[in-house]
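**Student:** Use the sequences and the hints to build the structure in full.
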Amino acid sequence: MFALLGVVLVAGAPCVLPAAAGGTKLKPPQNVEVDIIDDTFTLRWARSREPAGNVTVSADYRMPRIVDNWTKLPGCQHVTSATCDFSSLKMHVYEEIKLRIRAEEGNSTSPWRELDTFIPFQQARIGPPKVHLEAEDKAIAINISPPGAKDSVMWQQENPQYSVIIWRNASGAQTWNETHHSRFPRIKIHKLVPETTYCVRVKARLLLHWNPAEFSPVHCVSTTVENELPAPENIQVILENDTYVLKWDYTHDNVTFEAQWLKSYLKRMPGSQSEKWAQVQGCERAPVARCAPPQDLFRKGIYFRVRASRGSSSSPWSQEEKFDAGRQVVIPPLIVALKPLSSRSLQVSIGFQDQTELQHSLTYEVRFWENASNAERKTFVEQRADFPVLSLKPRTVYCADAQALLEDGPRSQRSRPSNTACAATEAGGAPGALLVAGVAVMLVLCAALALGKLVHYVFFPAGKPPATIEEYFPEEPTKNLLLSTSVEQTEECFIVENVDAVSAKEVNHLDEDHRTYTSQASQDSGHYSIEDESGESGESGGSQAGEELGQRGAGAHSAGGRFA
Amino acid sequence: MTNRCTLQLTVLLCLTGAALSVNYGKLRFQQRSSNSACQDLLWQLITSPQHCLDDRMDFQIPKQVEQPQQFQKEEAMVVIYEMLQQIHGIFRRNVSNAGWNETIVENLLEELDEQMDRLETALEEIKQEGKFPWESRTVLRLKTYYLGIFQYLKAKFYSRCAWTAVQVEILRNFFFLNGLIGELQD
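Keeping their order, the protein sequence lines are chains F and C.
Residue 3 in numbering that gives the first Met the number 0 sits at position 4 of the first sequence, with consecutive numbering throughout.
Residue 158 in numbering that gives the first Met the number 0 sits at position 159 of the second sequence, with consecutive numbering throughout.
Just so you know, the hints here were simulated from the structure itself, not pulled from any lab data.
Yeah, the Cβ is synthetic: ideal placement off N, Cα and C, and Gly gets one too.
Hints may be right or wrong, so weigh each one.
[Unchecked claim] Chain C side only, calculated, beta carbon under 7 Å to chain F, not exhaustive:
hint	residue
1	Val77
2	Leu108
3	Asp112
4	Glu113
[What the hints assert, rightly or not] Below, simulated DSS-like cross-link-like pairs (lysine-lysine); rule was C-alpha separation at most 25 Å, straight line:
hint	chain 1	residue 1	chain 2	residue 2
5	F	Lys89	C	Lys155
6	C	Lys126	F	Lys149
7	C	Lys72	F	Lys149
**Tutor:** The following block contains the structure:
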């Protein structure tokens, strides 16, 4: 009976298939793609080549971690065109989502085609940011608004960085362009030419994600006529006698300067927050190209900018210079020493006065010269603090001094010059040096061999210990005698010392008595030559203990030495 | 045996002497001191948590953050950066209702800004070395977690108790950050 049923079922199945093959079987859409740009989600597919009829397409979605059933995708139900927009779905952009799509015609539907799972945030492309330009005579300020709408879900937790391409919109043969990268939404490009049209394109990028991005449309602006007063240049914060001083360069006379500062964390804030510049006290109307701001400004990172004024006209603001308190390292004073190495070389050693250990790696600039009137100075740049200078003349005095360079960050720091050290190369010709070198090599080899033999003897004794020791060491004696016995003896010795320390001290004064005492106490010990050595080591506690040790084995002397 | 020892020692010396472009020791030191400065500042902000027991919330920080040993140093760096970035974003919000000393909040933002600065440099370096962990799922889970905190604050209208609950959660964050910083090992 069941076999009959089985046969019917099996027979039934092939009967179904021919009917389907013969009829109009719908195929699901081909070449399906998900396109996400900012918060716009689009599904695209290839239109079927079959004659249109009433073929529509519908899609479902599923989020394995949140919505685990197949749900209708809003905006993508019974669509006649080749795309559909499902942006209205309030999406968890960081969660995995799975889509499936099928074609429909009348009552019949194609099988579902499932797309690969994806995470919208990782799939999305970054749209174009909004750009606003402001031109000065030799600079352009670019204000960038992040991509996406104000209530954007996709990038709401992101702090994008920006890349700006700027080029000169000139018809001549000279094409000039620059690419700038900015971590903040406001960027100012300096060193431009007045009365010229420049064009920019901006795109956003995320530090932690590999999302491709779209450029903004081209924006152009013309720089203004050259200003009467140029902006100050080369703003620096330098340390003078333990005080931070702001310095800059200026070409014109008869001007006063105004300096402003901004806490660097404000640069990260969106909008106008990033422009809360404050006056630097003591630099509101500086007559010279330097001023000393209050030292409490220099706690954390800050930006400085300076402008010049004459009468009612003022220059544009200078380039903003960042001072990073964490990056300022005061390099302690250097000390240079020269030592003769041979007749043709000297060793340069650079150290610090305070023996401080720096976290940063320094580069040293060493000036080297012969102590003669017209000597040329050679400069070496070295990372090492100890290095030889070769190919020198014998019996000549050379001198050197050094400066340390700290290459941390965009601007390097230079320490004050060190002392000048002088030394003379040794006498003697080249053959002598070779001979000495040869002898030295031989000696080193011999010493190495001897050391090797000693190590081998001490650590891996090949000999068989005397028979008497075997009484005390019933286990195999080929173990590392020295090390194991000394461990045992340490424990023993503590006990011994405590008991005998008092009495031993009394006897220490008279050498003879000391010797008598020790010989009396050594009645029952084995008489080893080493015993005398430990007696001579001087301290009573040690020798007493050394005696006890003498009973135990060959390593007595070195172990006894511990108590000396 | 001595020969093998020497060989091993030589290999070890060579490896440690190899040039490393990211100075992890220095980064770890800087991050740790910055982290403890942030924790001190946060403690100074705590006002009266006992009134806010009803607003306690389990924000469900991703489990991976609680077990930082599983991270490679590059992923640890990325996770730390994401957390700092999000914490910075939180304290940038409307804190007026919290009744906090504005200077302390400013100092906290300054400290976070400096920490992020250091990490940004290190992250660019590992990108150039080709070791950047683009596929980190933990970063995505963290984004969901911090989104939850933002939505909680908004739902509670940035009330004082809501801020207190968030502050306690961020203190926990710094504790986990310490663990992550420990993974910045060569």
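**Student:** If a hint holds in the structure, say so; if it does not, say that too.
**Tutor:** Consistency of the hints with the structure:
Here the hint on valine 77 of chain C is kept, as its CB sits about 6 Å from the closest CB of chain F, short of 7 Å. The interface hint given for leucine 108 of chain C is met, as the beta carbon of that residue sits about 5 Å from the closest beta carbon of chain F, less than 7 Å. At about 3 Å, the closest approach between the beta carbon of aspartate 112 of chain C and any beta carbon in chain F falls short of 7 Å, and the interface hint on this residue holds. Because the beta carbon of glutamate 113 of chain C sits about 6 Å from the nearest beta carbon in chain F, less than 7 Å, this interface hint is met.
Distance restraint check for lysine 89 of chain F and lysine 155 of chain C: the Cα-Cα separation of roughly 21 Å lies within the 25 Å cut-off, and the hinted pair is therefore satisfied. Proximity of lysine 126 of chain C to lysine 149 of chain F is assessed by CA-CA distance (about 30 Å); at most 25 Å being required, the pair is judged violated. Of the pairs offered as hints, the one joining lysine 72 of chain C and lysine 149 of chain F is violated, with about 35 Å between alpha carbons and a cut-off of 25 Å exceeded.
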